[in-house]
Amino acid sequence: MPIIFAAAASHAPGMTAWTEAAPKEQAEDFLANYQQLGVRLAASKPDVIVALTVEHWANFFLNSMPAFCIGRAAHYDGPIEEWLRVPKARVPGDAKLGTELLNACLDGEFDPTFSDELLFDHATFLPLHFLNPGMAVPVVPVILNALTPPMPAPKRCFAFGQFLGKFLDSHTKRIAIIATGGLSHWPGEAKHGKINVPFDKQFLEYLANRDHARLTAYSHEEIHNEAGSGGHEIRTWIALAGAVRGWKAELLSYEPVVPWATGCGLVEFRQ
Amino acid sequence: MSLYQLQKLIYHVNRDAAQRERYRQDPAAFAKNYELTEAEAKAALEVDVRTLYTMGVHSLLLRPFTLLHKVSNENYAKALKGLE
Numbered sequence: 001m002p003i004i005f006a007a008a009a010s011h012a013p014g015m016t017a018w019t020e021a022a023p024k025e026q027a028e029d030f031l032a033n034y035q036q037l038g039v040r041l042a043a044s045k046p047d048v049i050v051a052l053t054v055e056h057w058a059n060f061f062l063n064s065m066p067a068f069c070i071g072r073a074a075h076y077d078g079p080i081e082e083w084l085r086v087p088k089a090r091v092p093g094d095a096k097l098g099t100e101l102l103n104a105c106l107d108g109e110f111d112p113t114f115s116d117e118l119l120f121d122h123a124t125f126l127p128l129h130f131l132n133p134g135m136a137v138p139v140v141p142v143i144l145n146a147l148t149p150p151m152p153a154p155k156r157c158f159a160f161g162q163f164l165g166k167f168l169d170s171h172t173k174r175i176a177i178i179a180t181g182g183l184s185h186w187p188g189e190a191k192h193g194k195i196n197v198p199f200d201k202q203f204l205e206y207l208a209n210r211d212h213a214r215l216t217a218y219s220h221e222e223i224h225n226e227a228g229s230g231g232h233e234i235r236t237w238i239a240l241a242g243a244v245r246g247w248k249a250e251l252l253s254y255e256p257v258v259p260w261a262t263g264c265g266l267v268e269f270r271q
Numbered sequence: 001m002s003l004y005q006l007q008k009l010i011y012h013v014n015r016d017a018a019q020r021e022r023y024r025q026d027p028a029a030f031a032k033n034y035e036l037t038e039a040e041a042k043a044a045l046e047v048d049v050r051t052l053y054t055m056g057v058h059s060l061l062l063r064p065f066t067l068l069h070k071v072s073n074e075n076y077a078k079a080l081k082g083l084e
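Each protein sequence line maps, in turn, to chains U and F.
Residue numbers for the first sequence follow our numbering, beginning at 1 and rising by one.
Residue numbers for the second sequence follow our numbering, beginning at 1 and rising by one.
Read the hints as simulated data drawn from the structure, not as lab findings.
Here the structure is a predicted model, which is why all the values come from computation and not from measurement.
Beta carbons are placed, not taken as given, at the ideal position from N, Cα and C, and that holds for glycine.
Any given hint could be a false lead.
Stated by the list, open to error - Quick list of the computed label-pair ranges, beta carbon to beta carbon:
#1 F:Ala18 - U:Pro2: 42 to 48 Å
#2 F:Leu83 - U:Asp111: 34 to 40 Å
#3 U:Gly108 - F:Leu45: 36 to 42 Å
#4 F:Pro27 - U:Glu109: 21 to 27 Å
Said to hold, decoys possible - Just some of the chain F residues that point at chain U, by a computed CB distance under 7 Å:
#5 Leu3
#6 Phe30
#7 Tyr34
#8 Leu45
#9 Val47
#10 Ser59
#11 Leu60
#12 Arg63
#13 Leu80
#14 Glu84
Said to hold, decoys possible - If you want the footprint, here are the derived chain U segments under chain F, 3+ residues with CB under 8 Å:
#15 55–61
#16 183–191
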């Protein structure tokens, strides 16, 4: 079976950690959409979820920072944040698929690193909390460095996603693929709380229009200046757009939630 | 400047419970394990948010580190005022 489900979602920790700080209607609408997306993911009956994700110093430091890293552990514990208000859980992995993905990359056009032990911070755990209730479906994390420069260029992320998509589409398993991060935000920065709505809307429009030329033309500086240090995470969305490049992106929700300090987006891709 | 060492200290305190405990027992002695300039050691030991930020400590290392020291959102934002 090929890829049978694809979606991208933001992971602002405020969604769970300080939900009630946001305007009630805005929070409820967004989180209801998030949960419904999880219902549709489950209804697609995936054997495995491939998560194009990022991390925030949970596993990697500047002594060794991979551009791309594929997890091939039997399980992943999280969240590392005590304050996230999400129950801790052990998420099952799919070491076999992780290994196959890794081997395909090394035999092809990419040289990701691999890890047999990864902790999940909110970047991966929060989306799974909504999209994989009970952590019922095994997960293969694919981490992109959107944390500290130099980062893989958006065009490279797109190509990486395209490569992964091609491999997963020919796999025997039913595969859901998700991307997590963004949109504009400046976490812990002097500009913390700023949200660049025009940037976010334009990015979502490029996705909806399958404007791959524009998605791959983003420069590091443009993202940094316009979408903030947290905005670099749109690289996972760009990789997903590469993985399901023929699919249509449908915007489920976009909410610039000021108390969560993030432009929060939810997009489902349809064949 | 040894930003790498400064960030390494913060990373260890944030992410490693055993190191965090050693740091808590004697921060100054703990800091001696890292090759820091006098200014860096001072900023780290005083949890001087503004100086650590301007020295280039990554915001997602700095904010968790300051949270461990109970720096409120308000005081954190106040410390960075004018650096936007």
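Verification of the supplied hints:
no.	hint	result
1	F:Ala18 - U:Pro2: 42 to 48 Å	46 Å, holds
2	F:Leu83 - U:Asp111: 34 to 40 Å	38 Å, holds
3	U:Gly108 - F:Leu45: 36 to 42 Å	49 Å, violated
4	F:Pro27 - U:Glu109: 21 to 27 Å	48 Å, violated
5	Leu3	9 Å, violated
6	Phe30	17 Å, violated
7	Tyr34	13 Å, violated
8	Leu45	20 Å, violated
9	Val47	14 Å, violated
10	Ser59	3 Å, holds
11	Leu60	5 Å, holds
12	Arg63	3 Å, holds
13	Leu80	4 Å, holds
14	Glu84	5 Å, holds
15	55–61	holds (count 4)
16	183–191	holds (count 6)
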